[in-house]
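Chains as they are written, first to last, in my numbering: chain H, 1 to 815; chain R, 816 to 975; chain P, 976 to 1266.
The reader is advised that the hints may include incorrect statements.
[As the list claims (entries may be wrong)] Looking from chain R toward chain H, a few residues come up when the C-beta cut is under 7 Å (computed):
| no. | residue |
| --- | --- |
| 1 | Cys-859 |
| 2 | Gly-868 |
| 3 | Ala-893 |
| 4 | Arg-894 |
| 5 | Phe-911 |
| 6 | Gly-915 |
[To be verified] Label pairs and their in silico Cβ distance ranges:
| no. | chain 1 | residue 1 | chain 2 | residue 2 | range |
| --- | --- | --- | --- | --- | --- |
| 7 | R | Glu-943 | P | Arg-1056 | 53 to 61 Å |
| 8 | R | Glu-828 | P | Arg-1037 | 53 to 61 Å |
| 9 | H | Glu-119 | R | Glu-943 | 49 to 57 Å |
| 10 | P | Glu-1135 | H | Asp-79 | 35 to 43 Å |
| 11 | R | Gly-868 | H | Glu-43 | 25 to 33 Å |
Think of the hints as simulated: they come from the structure by calculation, not from any bench. Beta carbons: idealized from backbone N, C-alpha and C, even for Gly.
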Amino acid sequence: MTIRTAPRTAAPGGVADALLVHPGEVVPGRLKARGPLRREGPEKLTGEAKYADDLVFPGAWFGATIRSTEPHARLMGVDLDDGFDWSKVVVVTAADIPGENIVSLISDDQPVLVPVGGEIQHQAEPLVLVAAPDRSTLRAAKRAIRVRTERLEPVFDPLASDHVFAHYEISSGDLDAGFAEADLVLEGTYRVGHQEQLYIENNAMIAVPREDGGVAVHGSLQCPYYIHKALKRALSLDDVRAQVIQAETGGGFGGKEEYPSILALHAALLALKCRKPVRMIYDRHEDIAATTKRHPAIVTHRTGVKRDGTLVAQDIELVMDGGAYCTLTPVVLSRGALHAGGPYRCANVRIRARATRTNTPPNGAFRGFGAPQTEFAAETQLNRLAEALDIDPLDIRRRNVYRVGDTTPTGQVLRESVAGEEVLERAAEAAEFERMREKTARSRPPAGSGDTGNGRPLASAAARKAQGIGLALAWHGAGFTGSGEVKLASVASVELTGAGEIRILTASTEMGQGTKTIFPQLVADALGVPYEAVTIAPQDTAVVPDSGPTVASRTAMVVGGLCIKAAERLRTQVENSTGGAFADTYRDYARSHGATRIDQRFEPYPGVQFDDSTYRGDAYPAYGWAACVAEVDVDLDTGEVAVTNVVAADDIGRVIHPILAEGQVEGGTLQAVGYATIEEMKLVDGRYLNDRLATYIIPTALDAPRITSILVEAPFSGAPHGAKGVGELPMDVGAPAVVAAIHDATGAWIHDLPATPERILAALGATTTPPAPASVSPGASAGQVEKKVEEPIRRGTDPRPQGRTDPQPLRGPQD
Amino acid sequence: MNIRMLVNGAPAEIDVPGSRRLLDVLREDLGLTGTKEGCGEGECGACSVILDGQLVDACLVPISQVDGATVRTVEGLARRRAGEADRELDELQAAFLAAGGAQCGICTPGMLMAARAYIDGGGGPDEEAIREAIAGNLCRCTGYTKIVEAIAMAAGRPAV
Amino acid sequence: MPVEPPIEVPRTLVEAFDVLASAPHRPIAGGTDVMVQISGEIGPPPDRMIDLWRLQELRGIRLADGVLAIGALETYTDIRRSALCRELVPALVEAAATIGAAQIQNRGTLGGNIANASPAGDTLPVLLALDATIVVGSQRGERSIPAADFWIAYRRTALEPDELVLRVLVPPPVGREIRFRKIGTRRAQAISKVVMALAWRPGADADGDGDGGAWRDVRLGLGSVAERPIRAAKTEAVLEGARPTTETADRAAETLAGEIQPIDDVRSTADYRRVVAARVLHRLIRDAGGW
């Protein structure tokens, strides 16, 4: 079910009634209630769509990676078994890399292959590559390669690591004064573990040598120009000889943002050496073992609040586990820190964040990009505050949620498109939150009625299943953090070909979210032509300009905006020349003028400024807002949780395509439910134990709740179409809502994700040893309520002098 | 081992090792790449096909067991009209397209085959029954909502 | 693409016995366990395989002299659809319905579940609780092995290398109650953290209070709490001759918690398994007692 609504507060100076738009209903002056059918849908539905592993390159060889089986070691040598005929295969080591042995990203710390003499930093790190003309020869060759190593001491605890990838401090107001003013001070420590993106198509790349000595890679990927840059640098290629072509991509969620660069390099190195196309298609085991995950994090809150629920002080410390290499960690940490306080007004805030290195596989981008970790902590902390003050969770949010004119901890004044209150009210209303909460409270077994003795069920027979309902609210900065877009200066183009075809040229990739549908929709609207008249060029670096990476929910908002501007310029040019409407005259114009291509470069949003060196200013041009109400059934004997219903209200600015947007909300919500309940990565000696689909568990259709999505439209004036992006927003808000619902059902707060049955029974006191938090070392126990206790939080965990503001500047790719 | 089978109504004969997976025969020997591999261990259902009327994971079936059998894959769903290049989506594919049941598309072929087996087995638009029928097919994009809607649509009546 | 070991495809059971007598071969039926192993990722793939799929002798669900005989090649779907199974062994039908999803149930077989000998095999506690007999055979003839003697160690069975599981015999279940409960990792495609089957023969309800009187022939089968599917003998002894009262349930749960030695693994913790096994047993007894 879907409800679309415009914010009450959208009307300037007045309060308008919510406008509900039912599916299929067309509202005059607004976008059509239904968008066109998915552009590449028929190919996907008939099996004709070609994903990387479906591409056939005659004579292609098969490539494989020899990986480390230790978390930290020195690579002493690579031995090739004399009994094997090495003339049949090619072997690539770091010595074969023609350019710099670097996977180009933010930092230059990650090698393409560990060189002999170099340090292995994590399990499954690539050491040697091998390719063979057939799979059985490849298997035999792999068995005939031995690596010699000397083990070094690994570091697994991010709190104990002294290698800091990035650290920030954001502060506003006077923290001491804020705590002095507080009626209640609450502390809490929250831990979240790794999460695997688990796109159903594994990472895959095929490299094909070019006649000019370069290489073309075809693969499953989000960011063609990230790979392009990585190829140029490590292979010493120019812009032309390095070519990246996206195959149909079976899901990304951030997992194909930076990882494909190293895989493309591996395939390319082998292809250049054997002079044949080389296929590198990961199986699921290799994909989970080696590729990036969501960063584990430890978030500590100390919050001061007035008796009426008004927030007066937030002291937040965030530590993220970056894994063995930097990847995108500084920007993940930055987004996590910027969202750490939640969508709430608070005059006195300090947010200290750092990310450290551990000897575990590198962590990277995953939908939400640092925000789901910190917003889980912020929302659970707020729900606990509401409980401590005996205030309704809805009311404490009403009291504190940002409104137009409020100022964030970076000093950003929220001038427009602020819909936190709207999404909160819409979700609560649709879910009947208050009524349901009264109902669950009545049905809850009274405290002490259960016997937690060995083996005995907790609850009475009548209450063996407890129902609960929970609420959470989140914000998500739209597009890149800080000055990212300005630095990136993306280009999107619209071309009228000599043959009269209208073509969109961008590097924005389709991976299910609908790029190939909404871009033609936006351009067709801007040109006044039918949707079908607009085509889209393949995502091939030889064809399309660098429109930046397909990440950060920026595609619809930023690149879509560029497409509209390019189309508007094209329309003006044609109409000025022909004197007629574009739709009637463009074919004639093309015939007489030949091809016309408009390149549109990103221009800064007016009035939006951010200072990377002081971390002050407009961290994002606008924010999306999301509220989630989750209902759960908890089996009090076993701790099993069924998430039965979720209502998600998301303000994404102007909705371009309701069905695609709902698809994002529903999919993101289920990923958040998985994060909250069952998705867990356990590590032993820095190696993922859950490295198969039989052990890394994601929700099936039977585990998925019924999801009701409500799309709220608070347009952003900086984008020509008012869109703010939708991909990541729903991921931020689901987990704290589910955890709040589990608390409502059981009375127990779960501080560590996922809230597994094991953790729930431990929290209820039924088992004696709570399971260790995934991949982070056990530390201080979870939070406690205290009054006016003014001790500094976890003294000594921050390497920097207290109170000093020395953010590390961002560089390289953002988000 | 010599294997004869009927694939999407057309006879196929191949000579391959008997322990080769049906999935590999379809994708590599017959060039039917619509059937996808997601895990290789029967967990994700991306390789679901209909073997002698039953939904199976093609990654778990040795080809030795397919001799003399009929196999339906995603390529066999759309009808191709004689003399026309265009295909006509069947009602299930059309419902997926209209409802937004396919996003990245990698689970879609297997999901369609699970839905096909469900509907062919007499399944109706009941939401819980549909969810059970596709419980062996993992989707990471949709949250399953629009997939369930699409199957209910194709199964006769709109979802509840 | 995995390795492709040589595979024999016998058409009759006699042919299959000949193949197995000549050299060890890994039997494959529905492939849901074996085909995962040929990737070589989990362990070494089998050197040689024997495909049992065409052996009609191993199919069929029949009732003869009150004994239910289920062929080794009967799939979970076959069992779920079988009117005989639904009537006589509903707990087995229930267990079959919790395994995988449609794709796995259409292919996975009862014989495969038995021979694969996973400590988490979901039908195995039911077979233990039903006092089932597993009939195995080879060129040397047939023999019957009680379920309780079949799984002897971690992933090891009483089968000789040349023997196949032929069928399962379930004694007349008339007058016998049986309950099944699986605690899995999720609601479908789930591997069990604890799986349990409890069977008993209710005595005469002498005092007419509805609890059915004292229990006889109590069997408690468990999976995922030890290196193999087990029967909990001490707990059975507590329940044998007892009535399903609160006190009985408390004692039985406590005994079970002390009797099993589960481990921490990728799916759960020893502590959770012990406590939940005890709680689930407690609940089964409570439900039976109707209090």
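Quick rundown of the hints versus the structure:
{"no.": "1", "hint": "Cys-859", "verdict": "6 Å, holds"}
{"no.": "2", "hint": "Gly-868", "verdict": "20 Å, violated"}
{"no.": "3", "hint": "Ala-893", "verdict": "5 Å, holds"}
{"no.": "4", "hint": "Arg-894", "verdict": "11 Å, violated"}
{"no.": "5", "hint": "Phe-911", "verdict": "6 Å, holds"}
{"no.": "6", "hint": "Gly-915", "verdict": "4 Å, holds"}
{"no.": "7", "hint": "Glu-943/R <-> Arg-1056/P: 53 to 61 Å", "verdict": "19 Å, violated"}
{"no.": "8", "hint": "Glu-828/R <-> Arg-1037/P: 53 to 61 Å", "verdict": "37 Å, violated"}
{"no.": "9", "hint": "Glu-119/H <-> Glu-943/R: 49 to 57 Å", "verdict": "54 Å, holds"}
{"no.": "10", "hint": "Glu-1135/P <-> Asp-79/H: 35 to 43 Å", "verdict": "42 Å, holds"}
{"no.": "11", "hint": "Gly-868/R <-> Glu-43/H: 25 to 33 Å", "verdict": "27 Å, holds"}
Hint compliance for this structure: hints 2, 4, 7, 8 are broken, all remaining hints hold.
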